[in-house]
Amino acid sequence: MTGPLLAIENLTRDYVLRAKGGATRSLRAVDGVSLAVEAGSIFAVVGESGCGKSTLARIVMALDRPTGGTVRLGGDDLFALSPKALARKRRDVQMVFQDPYGSLNPRHSVGRIVAEPLHLLDDAPKGRDRTALVVRALEDVGLPAHAAERYPHEFSGGQRQRIAIARALITNPKLVVADEAVSALDLSIQAQILRLILSLRDRHGLTVLFITHNIGVVDEIADRVGVMQAGRLVETGTVREVLDHPREDYTRTLLAAEPTLAGLGQRRRRA
Amino acid sequence: MLAIRHLSIAFPRAGAEARVVEDVSVEVGRGESLGIVGESGSGKSMLSLATIGLLPKSARTSGEILLDGKNILGMGERELCSLRGRRIGMIFQEPMTALNPAMTAGEQIAEGIRLHRGTGRAEARAEALRLLDRVRIPDSARRIDSYPHEMSGGQRQRVGIAIALALKPDLLIADEPTTALDVTVQKEILDILDELVADLGLSLILISHDLGVIARSTDRTLVMCRGRAIEEGPTERVLRHPAAPYTRDLIAALPRRVRAGLGEDPALAGGAR
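Just so you know, the sequences run in chain order A and B.
Under the working numbering, the first sequence has 154 at position 154, and the numbering climbs by one with no breaks.
Under the working numbering, the second sequence has 201 at position 201, and the numbering climbs by one with no breaks.
The shape of chain A in the complex, shown without the other chains:
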């Protein structure tokens, strides 16, 4: 394969809103977005509430359909594939969600949760081979093998997010979409999970579309970043270009609003 792993061209998604009395209007959640993610790289999409970043993530996961434009994964247009071909394609892309408490079924053992995406595959290993695969996936994210027999409530938020990452990696996907995957975590745990994602990228050549509102996190983890505002990608570039030399006013506003330790002593000076 040549070219980027994920290529999004002129993607648009309109939602029809029904107001009282039957009147309808249309909301353009994603508006002409184009971006490309190279294999083995981490591309962050950063933006505030309602900017369309989660809609973008859902379309890349083929959980929603675009109104216009294309999403190519490994060269194939996801929305031109037959349902059967799309189902096969799904093994190549997995998702990690924000809330590690809501995204794991509390009634299932961790082993069953992590193995679940394998049901998609006709050629998935069974029996002892499957158990071994689950154990490898758990160990890959820094969890002990015996975690497989335990249940989500026995784990902390950071450990649950490791379980969610193990589940995402079990089909050996080409792309992982992480939607605010560290936003619900305490700072020290957030730093650990970011380091885990970076090490998985380095060890397995993982490609990540990382959706976040947090610029500090973008700086830590991403190679390239796209800044989204009101459905549009207003600025795209390497993390260093965009964060150190922002071209757009909106990017500058976003950067300036982030509270940092540079704010120390400001209060006294203002007073």
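These are calculated hints, taken from the structure and not from any lab test.
It is possible that part of the hints are untrue.
Said to hold, decoys possible - Below 16 Å or equal to it, Euclidean Cα-Cα: the simulated EDC-like pairs (lysine to aspartate or glutamate) are: (1) B:Lys187 <-> A:Glu48; (2) B:Lys187 <-> B:Asp210; (3) A:Lys89 <-> A:Asp123; (4) A:Lys174 <-> A:Asp92; (5) A:Lys174 <-> A:Asp202; (6) B:Lys70 <-> B:Asp210; (7) A:Lys20 <-> B:Glu150; (8) B:Lys70 <-> B:Glu27; (9) B:Lys187 <-> A:Glu258.
As the list claims (entries may be wrong) - Computed far set for chain B versus chain A, every beta-carbon distance over 12 Å: (10) Ala3; (11) Gly53; (12) Thr61; (13) Ser82; (14) Leu83.
Claimed, not checked - Derived CB-CB ranges, DEER-like: (15) B:Pro101 <-> A:Arg28: 25 to 33 Å; (16) A:Asn105 <-> B:Pro12: 27 to 35 Å; (17) B:Gly74 <-> A:Ala19: 54 to 62 Å; (18) B:Ser152 <-> A:Arg28: 14 to 22 Å; (19) B:Leu54 <-> A:Arg28: 40 to 48 Å; (20) A:Ala256 <-> B:Lys70: 40 to 48 Å; (21) A:Ser49 <-> B:Leu54: 25 to 33 Å.
All of these numbers come straight from a predicted model, not from anything done at the bench.
Every residue, glycine too, gets a C-beta built ideally from N, C-alpha and C.
Add chain B to chain A, keeping to what the hints say.
Below, chain B without anything else, positioned relative to chain A:
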């Protein structure tokens, strides 16, 4: 103005008891802003609930919380009621759940003014409008009749602040007031809080897990971990020259961008990465 001395809070558990705050002492002066920082389960919210007398009934406390010399922990519900709102205002994290969905912004702000001061309806409404302007709600004359669901998160939090200010308290407690908000909105809300402390001479207890927020908006900082006070002092001293290993770890876990501005502190180098 407020002095917390040797405060411990525990909840009965089967067998032993769960101690969520252990022997914490801290003071807030008039016009001073105190930051309380800690991760989940550090006890920072329990400390603030104790200060406004809202701990669950099953909580067992020891030590004292002195507001101008009077111990809040020893007060009955009647006395606490006259203190809440009038002496201490509280701002919560989730403005959507903290506000009453069935009342307009104006009614909720005016409610306390009418109940506590016996002010008439029209006068209370006029005061509510002044408060909405004070927290810089755009188009306040129209917004006063809006319901919470018709407002954005930032506007709701402004209404929350207006309610907390309605009875002109001396002390505001803000528990993660901007955690649910976008950064650009967060900045506006923090600017308003800074301004209230500066203009009205309010004291502020700002509870946050975000050291960037603590750095920009507080004079002094208390770092908590698992119910204990880890260290306390002027915010600049605590963040630039942390004495406790826990505080150093917390700073080291910050994204580089947030840590930037501290300069190269040899004690932190290589900590996070």
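Evaluation of the provided hints:
{"no.": "1", "hint": "B:Lys187 <-> A:Glu48", "in the structure": "13 Å, holds"}
{"no.": "2", "hint": "B:Lys187 <-> B:Asp210", "in the structure": "13 Å, holds"}
{"no.": "3", "hint": "A:Lys89 <-> A:Asp123", "in the structure": "14 Å, holds"}
{"no.": "4", "hint": "A:Lys174 <-> A:Asp92", "in the structure": "5 Å, holds"}
{"no.": "5", "hint": "A:Lys174 <-> A:Asp202", "in the structure": "14 Å, holds"}
{"no.": "6", "hint": "B:Lys70 <-> B:Asp210", "in the structure": "32 Å, violated"}
{"no.": "7", "hint": "A:Lys20 <-> B:Glu150", "in the structure": "15 Å, holds"}
{"no.": "8", "hint": "B:Lys70 <-> B:Glu27", "in the structure": "14 Å, holds"}
{"no.": "9", "hint": "B:Lys187 <-> A:Glu258", "in the structure": "8 Å, holds"}
{"no.": "10", "hint": "Ala3", "in the structure": "22 Å, holds"}
{"no.": "11", "hint": "Gly53", "in the structure": "28 Å, holds"}
{"no.": "12", "hint": "Thr61", "in the structure": "26 Å, holds"}
{"no.": "13", "hint": "Ser82", "in the structure": "32 Å, holds"}
{"no.": "14", "hint": "Leu83", "in the structure": "27 Å, holds"}
{"no.": "15", "hint": "B:Pro101 <-> A:Arg28: 25 to 33 Å", "in the structure": "29 Å, holds"}
{"no.": "16", "hint": "A:Asn105 <-> B:Pro12: 27 to 35 Å", "in the structure": "32 Å, holds"}
{"no.": "17", "hint": "B:Gly74 <-> A:Ala19: 54 to 62 Å", "in the structure": "55 Å, holds"}
{"no.": "18", "hint": "B:Ser152 <-> A:Arg28: 14 to 22 Å", "in the structure": "19 Å, holds"}
{"no.": "19", "hint": "B:Leu54 <-> A:Arg28: 40 to 48 Å", "in the structure": "44 Å, holds"}
{"no.": "20", "hint": "A:Ala256 <-> B:Lys70: 40 to 48 Å", "in the structure": "43 Å, holds"}
{"no.": "21", "hint": "A:Ser49 <-> B:Leu54: 25 to 33 Å", "in the structure": "29 Å, holds"}
In summary, the structure is inconsistent with hint 6 from the numbered list given earlier, while agreeing with all the others.
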